[in-house]
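K.L.:
Sequence:
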Amino acid sequence: MEMITKMVLERPVVIYSKSSCCMSHTVKTLLCDFGANPAEIEQALLRLGCSPAVPAIFIGGELVGGANEVMSLHLNGSLIPMLKQAGALWV
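Using our numbering, you'd call the opening residue of the sequence shown number 1 and step up by one each time.
Since the hints were made in silico from the structure, they are not lab data. The beta carbon of each residue, even a glycine, is placed where N, CA and C say it ideally should be. One should not assume that every hint holds.
[Stated by the list, open to error] Here are the simulated distance ranges between beta carbons: (1) 90 <-> 43: 30 to 38 Å; (2) 20 <-> 81: 26 to 34 Å; (3) 40 <-> 77: 32 to 40 Å; (4) 43 <-> 81: 31 to 39 Å; (5) 2 <-> 88: 18 to 26 Å; (6) 39 <-> 80: 29 to 37 Å; (7) 71 <-> 48: 16 to 24 Å; (8) 51 <-> 20: 15 to 23 Å.
Based on the provided sequences and hints, a complete structural model is requested.
P.N.:
The following block contains the structure:
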């Protein structure tokens, strides 16, 4: 859990996804190269309250939620300002 907390605090946006597609596999390989353990990450996400564990979207170091929450933020106009404030967008 500390590893996830550290990652999300150091980066403006962190997204963990299932490893059932080639792009997810690429990201998983990259994270493993950094020393991350995908099974450990999934368990930590569940302990943080992400249910299901993926996708788990963190913006600005805070857990936003899953796809439904991100889409709701987008539809109500809150997502872009949130991303800008986190330093993920510069437009």
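K.L.:
Could one say that the CB atoms of residue 2 and residue 88 fall in the range 18 to 26 Å?
P.N.:
At roughly 23 Å between Cβ atoms, residue 88 and residue 2 fall inside 18 to 26 Å, so the hint holds.
K.L.:
Can the suggested window of 30 to 38 Å be confirmed for the beta-carbon pair residue 90 and residue 43?
P.N.:
Holds - the Cβ-Cβ distance for residue 90 and residue 43, about 35 Å, lies within 30 to 38 Å.
K.L.:
Looking only at beta-carbon atoms, does the pair residue 39, residue 80 fall within the given range of 29 to 37 Å?
P.N.:
Between residue 39 and residue 80, where Cβ atoms are some 34 Å apart, the hint holds.
K.L.:
Could one say that the CB atoms of residue 51 and residue 20 fall in the range 15 to 23 Å?
P.N.:
holds (18 Å)
K.L.:
For the range 31 to 39 Å, tell me whether the beta carbons of residue 43 and residue 81 fit it or not.
P.N.:
holds (32 Å)
K.L.:
Does 26 to 34 Å hold as the CB distance between residue 20 and residue 81, or does it fail?
P.N.:
Between residue 20 and residue 81, where Cβ atoms are some 32 Å apart, the hint holds.
K.L.:
Determine whether the Cβ-Cβ distance between residue 71 and residue 48 falls within the hinted range of 16 to 24 Å.
P.N.:
holds (20 Å)
K.L.:
Check the following: the C-beta atoms of residue 40 and residue 77 are separated by a distance inside 32 to 40 Å.
P.N.:
holds (36 Å)
This entry satisfies every hint, going by the numbered hints stated previously.
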